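Line by line, the protein sequences give chains A and B.
To convert, note that position 95 of the first sequence is 95 in the working numbering; the numbers rise steadily by one, no gaps.
To convert, note that position 114 of the second sequence is 114 in the working numbering; the numbers rise steadily by one, no gaps.
No wet-lab data here; the hints were simulated from the structure.
Hints may contain errors.
[Said to hold, decoys possible] So the derived label-pair ranges between C-beta atoms look like this:
hint, chain 1, residue 1, chain 2, residue 2, range
1, A, Ile110, B, Leu76, 56 to 62 Å
2, A, Gly58, B, Ala88, 31 to 37 Å
3, B, Asp103, A, Ile63, 21 to 27 Å
4, B, Val55, A, Val95, 28 to 34 Å
5, A, Glu119, B, Pro105, 40 to 46 Å
These numbers were taken from a predicted model, which means no experiment stands behind them.
We put the beta carbon where it would ideally sit given N, CA and C, even for glycine.
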Amino acid sequence: MSVDLFVSHYNYWVVIFLMMVGFYILISRGNLIKKIVGLNVFQTSVFMLYISMGKITGGTPPILLDDPHGEGEAVGHVLYSNPLPHVLILTAIVVGIATTSVGLALAVRIKEAYGTLEEDEINRVEAQTEAAE
Amino acid sequence: MLGAAGLALLRIRNLFAVVMLAGIYSLLSAGLFTVMDAVDVAFTEAAVGAGISTVLFLAALALAGHHENKPGHTPLLPMLVVVITGAALVYGTMDMPGFGDPDNPVHHHVADHYLEESPHEIGIPNVVTAVLASYRGYDTMGETTVVFAAAVGVMLLLAGGVRSRGRAGRQAGEEGDG
């Protein structure tokens, strides 16, 4: 019973492990670029969660084997994995790279303005600036 | 292997190595997607995740330097938060359907319709493309809008640098005077 549970839920636990590694990088490291890398790891783990839910044991990729203009006889007999999570994740990957690029641009601007990418040093510079005013 | 790559990402403080390792991580996950029948996702991840995002990170490193300081505070609190969140998530998976079972509810809503009808309604063999470009076309349009907004945002952030650098320079001057 517990072996069954382990085998059938292993994918979720790998995803959760990776997600927590990303989360830990995100909240425990002070460097802004390292935080963005952590966010990427987190994001990829969510992609894996969706893709693993779409997988069917013994299935093939959802590319139809028959001539599309034929009567589609193979469709009823071949087991395809679920195409819907794939579509959602394709969109998510592209949106993810867009948000990553904005985050990196912000990091570059922060480096220009403060001369550092470390969170605590940025706070120190802020405090000094306020004290000077 | 993915777990090992993730842990190494956590430990290494040379950001250049971190970025390279993130690219390897991305490529490994693309391999995993191929194994799980998501070939379209795999080649997008290989091109975008391992290719473009590595280039973007390297460009950012070139502009912003590549050394990370040691974390200044104790890692206990974040570790506690992470362990509690992870435990809650594992508890949540107990009710999830098993991996690879064709009777899972996720496979029986609209997916059946897509697989059976898309050759007649759309007429191309790749169901993922059919769904992406036709059934969920508005999603894809929204996605391109997000990418456009992101491109505009990056350009504004990086091109507005000259004026703001002047302000930062003035601030530095004031600090020097005081």
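Going through the hints against the structure:
Take Ile110 (chain A) and Leu76 (chain B): their Cβ atoms lie about 28 Å apart, and the range 56 to 62 Å is violated. Between Gly58 (chain A) and Ala88 (chain B), the C-beta spacing of about 33 Å keeps the proposed range 31 to 37 Å intact. A hinted range of 21 to 27 Å for the beta carbons of Asp103 (chain B) and Ile63 (chain A) is consistent with their spacing of about 23 Å. Take Val55 (chain B) and Val95 (chain A): their Cβ atoms lie about 18 Å apart, and the range 28 to 34 Å is violated.
Hint check: Glu119 (chain A) to Pro105 (chain B), Cβ distance near 43 Å, so the stated range 40 to 46 Å holds.
Hints 1, 4 from the earlier list are contradicted by this structure; the remaining hints agree with it.
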